[in-house]
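These protein sequence lines are chains V and U, in that order. In this text, residue positions in the first sequence follow the numbering used here: the first is 3, and each later residue adds one. In this text, residue positions in the second sequence follow the numbering used here: the first is 8, and each later residue adds one.
Simulated from the structure, these hints should not be mistaken for laboratory data. It is possible that some hints are incorrect.
Unchecked claim - Taking beta-carbon pairs under 7 Å as the criterion, some of the chain U residues facing chain V (in silico):
1. A26
2. A27
3. A36
4. R37
5. G127
6. E130
7. A134
8. H138
9. A140
10. L180
11. T181
12. D292
Claimed, not checked - Stretch by stretch, here's where chain U covers chain V in the computed footprint (C-beta under 8 Å, at least three residues):
13. 57 to 67
14. 93 to 106
Stated by the list, open to error - On the chain V side, residues computed to face chain U include the following (Cβ under 8 Å):
15. Y83
16. R84
17. F114
18. L118
19. H202
20. L204
Being a predicted model, the structure only gives us computed values, none of them experimental. A virtual CB, placed ideally from N, CA and C, is assigned to each residue, including glycine.
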Amino acid sequence: MNGSLTEVRIAMTQKIVETQQLTKRYGAVTALDDCHLTIHRGEIFGLLGPNGAGKTTLLRLLLGYLRPTRGRALIDGLDCYRESVAVHARVAYLPGDVRLFHTMTGDDVLAFFGRLRDRGYAERAKRLAKRLDLQLASRTTAMSTGMRQKLALVAVLAVDAPTVILDEPTTNLDPTVRKEVAALVCEAQAAGQTVVFSSHVLEEVERLCGRVAILRRGKLVHEQLLSTLRRQHCIRAQLRSPMPHVPTELSDGVSIEIVGHELTIVTAGELSPLLAWLATLPLSDVRIKSVGLGAVYEQFHAGIES
Amino acid sequence: MSQPNRLEATVPSSSWFPAALWVKAFLEARLLFVAEMLVIVVFGTIYVWLTSQVDLGALGTFLKALPATFERVAGVPFGSIATPEGRLAMAFVDPVTVFVATSWSIARGSDCISGEIGRGTMELLLAQPVHRASIVVIQGIVTTLGAALIAFSTWSGIWLGIQITGFAAEIELTQFVPSAMNLFGFMFFLAAFSTFVSAFGRDRRRTVGLLAGFYLVQLVMKIVGRAAPSCGWLLYGTFLGAFEPQSLAIHPETAWVELAWRNGCLIGLGIAAYAAAAAVFCRRDLPAPL
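One chain only, chain V, in its complex shape (with noise of 0.2 Å):
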């Protein structure tokens, strides 16, 4: 491969993940349809499905795993599939189900990792280790499944990459580790790292993640930026008398249901003129509450389309 020439590539996108048209089908199983999708450089961007939505396929497919049956799937400019070596020199990745060589210890796995990558990649390996509270001297096989979740996540994470794909990786981890998976994430993300986070967590998604990616049945079916997502709430209210009319600076981006005496407003811009008008309708019982991405993933997954 011409290197000035993947230099200028790389150069030349900001964006640093990309599909078009990425379809992968096995015999009359589509496993991935037609999905378009762009992650940019420096986002936390979080993949949500149910198992078999095609998560792990979309994943496998960036990592040139497999074949795209149609369209393509680019890293940093270059096709997964054929320039693969090239785009796993730039890719971290941690599979959904870790199995690590049998016959080595921490210690070894480590070192084996580091062969293959960078030279600062000892240290950082040695200094995460040490931070998740993890044994080296053991065999892979006397590792209980968490220790070697970690191990791999240590594996993982020590890699210099641009980019981070880990499917599902608190999987397996008590909650402490978790939570310094999660700031780990986020120092990835800040030392300029893109983080691609596959889970079934919707609470980790949510407070680690800038944008997701939802699928269903192989399809993308919605993207939603979390900003906008946090900035979204649900007021529920009984009505004491009838509902007067909405001001006219009120009602862009909100949207009102009525049913009997249940009110139920949906708000997608900023609270506070809202709160102001609320204060002056004959309500009871006013519960607020954050929309959140369980309701955003429940719209699809349960089959309804916005």
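Fit chain U to the supplied structure of chain V, relying on the hints for placement.
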């Protein structure tokens, strides 16, 4: 992690033959290799001692009593087997030697791709900047080195046996070098073909099963091809037709010429099988671990 901004992180150049893969391949092969080398050296020594205990005249009489079919299957005249050189030459086709050779070749070849996929370790391995073909080439080279050393150990076991027992001390041991090289050719082809079958699989046990079936069919083809002259064409369909180490030791005058074409076939086919294995593995989808 107090890291510099990684937005423009330097990317290490990928290597076709990274040291890490060599170390891993040697570590994975070492136990089987040491065990097989010890077995074959000890077996060779014991084989010479047992041979020294046999009355070759009586063996010749016994062999003459056997039907001609047996002689055709043996691949060498019974008269030659009842000599010290002939008996020692048969060590290269003894079931113990063949078992050690096939187990090395099939175990290493089947592990290369389907073993790694089945264990789920291929996921992390291929996430590193390594070429898929490198995995096949490095494993192939380590397996080939092991095969060469095991073949040499077979010869060394016979040498050691002769030194210890003093049996047939007048025999020129270089006479068995072509036999050892033919054993190496056999192992090289079988390891390469095992790697080729492994390139399609995701479960090592299934690969080993398929290879065991393949080997049995090839063996039956050789036996039938030899036993029944009308079925001699079957010998062209089995790689075992090129594996005749006993004949090479018994006919030293033509041994090197014969070795050239026999090993030429085995090594040529082996290289083709490795190339095909690499091509298949480089193009196939990597399945999720079982």
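(request) Please verify that hint: A27 (chain U), Cβ, nearest Cβ of chain V, below 7 Å or not. (result) holds, 4 Å
(message) Please check whether E130 (chain U) passes as an interface residue: C-beta within 7 Å of a C-beta belonging to chain V.
(response) holds, 4 Å
(message) Restraint: G127 (chain U) near chain V, CB-CB cut 7 Å. Satisfied or not?
(response) Holds, about 3 Å.
(request) With a cut-off of 7 Å on the beta carbons, see whether A26 (chain U) makes it to chain V. (result) OK, holds: A26 (chain U) within 7 Å of chain V, min 5 Å.
(request) Between the stretch 93 to 106 of chain V and chain U, see if three or more residues pass the 8 Å beta-carbon test, and mark the coverage as holds or violated. (result) holds (count 12)
(message) Min Cβ distance, L204 (chain V) to chain U: is it shorter than 8 Å?
(response) Interface hint status for L204 (chain V): violated (24 Å vs cutoff 8 Å).
(request) With chain V as the partner, please determine if A36 (chain U) meets the hint condition of a C-beta pair closer than 7 Å. (result) violated, 10 Å
(request) Double-check F114 (chain V) for me: the hint is only fine if its C-beta lies closer than 8 Å to a C-beta in chain U. (result) holds, 5 Å
(request) Tell me if chain U covers the stretch 57 to 67 of chain V under the three-residue, 8 Å CB rule, please? (result) Holds: 4 residues of the stretch 57 to 67 of chain V have a Cβ under 8 Å from chain U.
(message) Holds or violated: the hint that L118 (chain V) contacts chain U, with Cβ atoms closer than 8 Å.
(response) With Cβ-Cβ at 4 Å, under 8 Å, it holds.
(message) Tell me if the interface restraint on H138 (chain U) is satisfied: Cβ within less than 7 Å of some Cβ in chain V.
(response) holds, 5 Å
(message) So, as I understand it, the hint says R84 (chain V) touches chain U; can you test that by seeing if any CB pair is closer than 8 Å?
(response) violated, 11 Å
Checked against the numbered hints above, the structure breaks hints 3, 4, 9, 10, 11, 15, 16, 19 and 20 and satisfies the rest.
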